[in-house]
Amino acid sequence: MEGHAAPRSMAAHRTASVVAALLGSLFLLFLVAPIGRLVVGGGKSGVGELFTDTELRSSLWLTAVTATFAAAVGALGGTPLAYVLARRPFRGKAVAAAILDLPLLIPHPVAGIALLLILGRESVVGRTLLQAGIRVAGSPIGIVCAMVFVSAPLYISAAREAFARVDPRYESVARTLGDPAWRAFRRVTLPLSARGLIAAAVVMWARAVSEFGAIVILTYNPKVVSVLSYDRFTGFGLTEALPVAAVLSILALIPLVALRALRPDRGAGTDV
Amino acid sequence: MIGVAGLNAQAGTFRLRDITFAVPAGQYGVVIGPAGSGKTTLLETLAGIIAPQSGTVMLDGCDVTNEPPERRRLGIVYQHGYLFPHLTVADNVAYGAADAKYAEQIAERVGALALYGRPVRTLSGGERQLVALARAFAVRPSVLLLDEPFSALDPRLRSRTRRTVRALHRELGVTVLQVTHDFTEAGLLGDVAILLDAGRVLQFGSPDGVFRRPATPYIAEFLGAENVFAGTVRAFAQTAADADVSGDSEQLARGHRSLEFRSGPLTIYTVGDAADGSTHAVIRAEEITLSRELNPTSARNQFAGTIDEIATLGAFTRVTVDVGGVSLVAALTTRSVQELALAPGSRVYASFKAMAVHLC
Chain A
21 MEGHAAPRSM AAHRTASVVA ALLGSLFLLF LVAPIGRLVV GGGKSGVGEL FTDTELRSSL
81 WLTAVTATFA AAVGALGGTP LAYVLARRPF RGKAVAAAIL DLPLLIPHPV AGIALLLILG
141 RESVVGRTLL QAGIRVAGSP IGIVCAMVFV SAPLYISAAR EAFARVDPRY ESVARTLGDP
201 AWRAFRRVTL PLSARGLIAA AVVMWARAVS EFGAIVILTY NPKVVSVLSY DRFTGFGLTE
261 ALPVAAVLSI LALIPLVALR ALRPDRGAGT DV
Chain B
8 MIGVAGLNAQ AGTFRLRDIT FAVPAGQYGV VIGPAGSGKT TLLETLAGII APQSGTVMLD
68 GCDVTNEPPE RRRLGIVYQH GYLFPHLTVA DNVAYGAADA KYAEQIAERV GALALYGRPV
128 RTLSGGERQL VALARAFAVR PSVLLLDEPF SALDPRLRSR TRRTVRALHR ELGVTVLQVT
188 HDFTEAGLLG DVAILLDAGR VLQFGSPDGV FRRPATPYIA EFLGAENVFA GTVRAFAQTA
248 ADADVSGDSE QLARGHRSLE FRSGPLTIYT VGDAADGSTH AVIRAEEITL SRELNPTSAR
308 NQFAGTIDEI ATLGAFTRVT VDVGGVSLVA ALTTRSVQEL ALAPGSRVYA SFKAMAVHLC
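Chains A and B are the protein sequences, given in the same order.
This note's numbering applies: residue 21 is where the first sequence begins, and numbers increase by one.
This note's numbering applies: residue 8 is where the second sequence begins, and numbers increase by one.
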């Protein structure tokens, strides 16, 4: 009996592998094919347009700058929060963590509407800021606000994980060696989690670059790249939108490559 | 000085309960306890890493219960070293030191200087412990907390490092509290032994006292005493003249009595101040000697028996003797076992002095 069971289970195992490989390939194809088609169809003209199309160029520049600002704001505001969530037990921690993830779950146009209610011209905050000469809706500031709102949760959860990977005892040792909490954080925890924090910022930056729904409601003009591609598509059709979309896809490779390079090497921070 | 009074602390689901003990200034305290007894939690509470729920921690004469770790003037060395992996070995040692030269001297003393050129990642567990020791000593702490600091060292290096730490402890006048599950380490190093079990202090005092006079049969077994018997004790009719050990008369003069302890087939003679009634007798295996013939002169307690089992551990051998159905365990040198030509089934006499019997 057992003599028969072994080959049969091996055959079953082989069949399962083949099925899994087939399904995996199909799925991969589904993910890669549209982008591949996009790049093949519009990549050449898109790269060409980079030199001729000033609107595309300034839109790309605007996207990069606002996303960088958003990532900086996210890192500044999110790092202490991520640290507290990773290290300190407190009442209502689970609730706080859930609230922080909320922007990831609500549809992005809804997020845009919510932001407009708070920061729009009709709102108290928006009006006050406008009187001070700061325009939020319809300006790059609005873009940054929308980007931060939808992408900061990604930074916070990734940064929280980066901190959690660093054994708190390193910090304890630094404290007993004379460092106050802040200095121990700066000299030990920060360097040990740096790769993870930068990777978190890159993820946030990439998410900010690809944001459309919230931005389009808060700031249609000036146009970030995602809004521009949508604008070209609705205004001029697929052929006009294609080069912009292709350029955006190619540029998306930059953060992807950066993330590979930054992937925390095994044992970093947990190495004892 | 380390003084802990009524300390309660919680780390995760683990609790320290009502911990009270003291290690006088410049002395070497050893906390002994099995895995999971709360040894590391205790050290972290003393270091200020875990905030106690109640009780006080005194270090060097100051109440530091509410002080942060950086203001307690102590060093902690974890079992795994916790060297900062992003720094060099030299920067690790000098991390908290006010004087880099001094840090280097300390590193040389503990044998970490030779590791200065090596990346932290390539150090073995034992090498990490040496560097961590140097790093802790380099800040000139008044109290040093050591969590199994020699566990990853090979036996030769372990005894050398033990000696170095003991020497530095004396020279610098540092009060040390070391955690270990190794009873011999406690005996070798400690001025004060603290027994910890399930988050409570069972007993504390001089290691010798704790080992020879455990407060309860549980502690006796916990400390590896093989011969623990339940039985009844009553005052023995005869006088001090019957005593067989020089110390006896002194003990008897202090109001101690000659006692007779009965447990099954054993009748054991001892001295002490125990009241009549049921109790336990503890005899450490090292106190029992074996002979082929009845020894007329020496020990008060002699029992004829048959050897059940012989277990050799290097230089020492544990011999289990069956005395009328009761097992007595004797620890002998392997050499004397060979000289006596002992083997399972051999008829022997097991003897021990009245003073070797501890009632608790």
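One or more hints might be untrue.
Lysine to any residue pairs mimicking SDA-like chemistry, simulated, CA-CA at most 25 angstroms apart [what the hints assert, rightly or not]: (1) B:Lys108 x A:Lys113; (2) A:Lys113 x B:Pro59; (3) A:Lys64 x A:Trp81; (4) B:Lys108 x A:Lys64; (5) A:Lys64 x B:Ala58.
What follows is a set of in silico ranges between Cβ atoms, one per label pair, in the way DEER data are often shown [what the hints assert, rightly or not]: (6) A:Pro129 x B:Ala105: 29 to 39 angstroms; (7) A:Leu124 x B:Gly132: 54 to 64 angstroms; (8) B:Pro126 x A:Tyr240: 34 to 44 angstroms.
Read the hints as simulated data drawn from the structure, not as lab findings.
The structure presented is a predicted model; accordingly, all values stated were derived computationally and were not measured.
Glycine included, every Cβ here is placed at the ideal spot set by N, Cα and C.
Quiz item: Is lysine 64 of chain A close enough to tryptophan 81 of chain A, meaning Cα to Cα at most 25 angstroms?
Solution: Roughly 20 angstroms separates the two Cα atoms, so the pair holds.
Quiz item: Between lysine 113 of chain A and proline 59 of chain B, is the straight-line Cα distance small enough, at 25 angstroms or below?
Solution: holds (22 angstroms)
Quiz item: Is the hinted pair lysine 108 of chain B and lysine 64 of chain A satisfied, with a Cα-Cα distance of at most 25 angstroms?
Solution: Outside the cut-off at roughly 64 angstroms; violated.
Quiz item: Quick one: are proline 126 of chain B and tyrosine 240 of chain A within 34 to 44 angstroms, going by C-beta?
Solution: This hint is violated: roughly 54 angstroms between Cβ atoms.
Quiz item: Should the hint that proline 129 of chain A and alanine 105 of chain B are 29 to 39 angstroms apart at their CB atoms be regarded as holding?
Solution: violated (59 angstroms)
Exercise. For the pair we were handed, lysine 64 of chain A and alanine 58 of chain B, check the Cα-Cα distance against 25 angstroms.
Key: Cα-Cα ~64 angstroms, so violated.
Self-check item: Agreement of lysine 108 of chain B and lysine 113 of chain A with the hint, judged by alpha carbon distance not exceeding 25 angstroms
Solution: It is violated: about 46 angstroms lies between the C-alpha atoms, which goes past 25 angstroms.
Self-check item: Pairwise beta carbon distance, leucine 124 of chain A to glycine 132 of chain B, judged against the given window 54 to 64 angstroms
Solution: Cβ of leucine 124 of chain A to Cβ of glycine 132 of chain B: about 42 angstroms, so the range 54 to 64 angstroms is violated.
In summary, the numbered hints that this structure violates are 1, 4, 5, 6, 7, 8.
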